[in-house]
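From first to last, the protein sequence lines are chains E and H.
At position 25 of the first sequence (counting the first as 1) the number is 25 in the numbering used here, and the numbers step up by one without a gap.
Basically the numbering used here = 1-based index in the second sequence + 1000.
Hints were generated in silico from the structure; no laboratory data involved.
Counterexamples of contact, computed for chain E against chain H with all Cβ distances above 10 Å:
1. Phe16
2. Leu20
3. Lys27
4. Glu33
5. Phe38
6. Leu47
7. Arg84
8. Ile104
9. Met117
10. Gly138
11. Arg185
12. Val192
13. Asn193
14. Thr263
To give an idea of the interface, some chain E residues facing chain H are shown, with a C-beta separation under 8 Å as derived from the structure:
15. Gly160
16. Glu163
17. Gln164
18. Arg165
19. Leu166
20. Leu167
21. Leu168
22. Gly169
23. Gln170
24. Ser171
25. Asp252
26. Arg254
27. Glu255
28. Arg256
All values derive from a computational prediction rather than experimental measurement.
Where a beta carbon is used, it is the ideal one built from N, C-alpha and C, also for glycine.
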Amino acid sequence: MNVISLGVVDLSLAAFLLLLLAFCSLKIGLGIEKRIIFSGLRMTAQLLLVGLVLKALFASGSFPLVFCMSLVMLLVAGYEVSARQKRKLRGRTGYLISTGSMFISSFSVAFLALTLMVNVSPWYTPQYAIPLLGMLLGNTMNGVALASDRLTTDIYNQRGMVEQRLLLGQSWQEASGDIRRDCMRTGMIPIVNSMAAAGVVSLPGMMTGQILGGSSPIDAVKYQILIMFLIAAGTGFGVIAAIWLISRRLFDDRERLVVENLTKANKH
Amino acid sequence: MENRVSRLSIRNIKFLENGPYSMELAPGECCGLNGASGVGKSQFLRAIADVIAHGGECMLEGVSSLEFTPQKWRSAVALIPAESFWWFDDVEPHFAAVSLGDSYLSDLLSRLGFGPDVMNWQISRLSTGERQRLSLVRTLIRQPQVLLLDEPTSGLDQKMAGVVEEIVTELCIQKTCSCLWVSHDQEQLKRIATRCFTLERTEIVEMML
Chain E
1 MNVISLGVVD LSLAAFLLLL LAFCSLKIGL GIEKRIIFSG LRMTAQLLLV
51 GLVLKALFAS GSFPLVFCMS LVMLLVAGYE VSARQKRKLR GRTGYLISTG
101 SMFISSFSVA FLALTLMVNV SPWYTPQYAI PLLGMLLGNT MNGVALASDR
151 LTTDIYNQRG MVEQRLLLGQ SWQEASGDIR RDCMRTGMIP IVNSMAAAGV
201 VSLPGMMTGQ ILGGSSPIDA VKYQILIMFL IAAGTGFGVI AAIWLISRRL
251 FDDRERLVVE NLTKANKH
Chain H
1001 MENRVSRLSI RNIKFLENGP YSMELAPGEC CGLNGASGVG KSQFLRAIAD
1051 VIAHGGECML EGVSSLEFTP QKWRSAVALI PAESFWWFDD VEPHFAAVSL
1101 GDSYLSDLLS RLGFGPDVMN WQISRLSTGE RQRLSLVRTL IRQPQVLLLD
1151 EPTSGLDQKM AGVVEEIVTE LCIQKTCSCL WVSHDQEQLK RIATRCFTLE
1201 RTEIVEMML
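Could you put together the complete structure from these sequences and hints?
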């Protein structure tokens, strides 16, 4: 079965729905019409551009190019994480920590998957490597962003309680234990939810894509299961690394809480 | 109770614009500390307990705080801040680190006006004064060598304030701990302190009682 290729008319029809929505928003005075149109346009431009890039990348299949592409994806993900924080660590540390923890988890999980499970040769074949890494990074980014935002906000808001526990002779791990556990849970909520809903409430995007693209549902399901496991593991390790590194920066070598290492609250 | 209280030496403690401050707290001594509001009394206590960055050093019987793990130091030199914090829903788990049913604990609780059922109370329903008294008990059962008290009776009526003074004075006389007591109440300092100091921005001055 061949994929039915989409033409300009098909896409325009879909875009027309968005225009209709924007028109309604204008009429009822919801005030989101500009944002809808802008993000629609931006998404179209981004995807068309990436389509061209991927086309070139798939044609060449060279390792340096694949590596550059992954690096760009990582750096943008790192930027997104820090842009979503209410309170950040001062200086570049926050950016380095979020990028670093995503690098460790997403890249190693993607590498393992490519070499051990998918077993594609060479392992950096862009048709596999880029989408896999993209899904891992996207999900890990969500987890890391949620968990680090929660961590810095909670530690700041509960600094009196954390210090009280230090004063009673607890170590920094004990004193921040409840908060760190909450953050771990927060970071894992999206992937745990999508595992719970997978197939029952929603058909995951990748699987839908494969089925629309003509794969047999069983093949699509197997890939989806693999991806879910990888995402859960990658997000989990990324969140653990980020929480550990950030909380390490919030206590000094004498286990004092140093909220001064956080920036002022950022108004959204 | 074992008798193991040590001398606390405070040497050139500096933080932010404050200090250097030096003073000695002999075993079993209770020193009063006052000073204008905002001068840094609470920060001074926090520096001694080593929960804020500071210059200079504190020593117990000649051993620098840096030789202790932070946990050991803060257990030995225990600060009870003016506002206490609680992190479990009920009172009991906050006391769980120390063996319950201890007669010392029940004695302290009853002197401070609590029955044995206090352990089942909810933290959210405690009054300011109840929190203040319970936070004193919470620290005392850990048997610190030095008590740093930051206005420990600010939320208490006269009778309960008297009980707190009595408990701390007893501990000092028995030499089970020594105490640095911050208070704005001159009369209170006269009752409890053997020596009294005024904290200023750049020095700590002993004053006449």
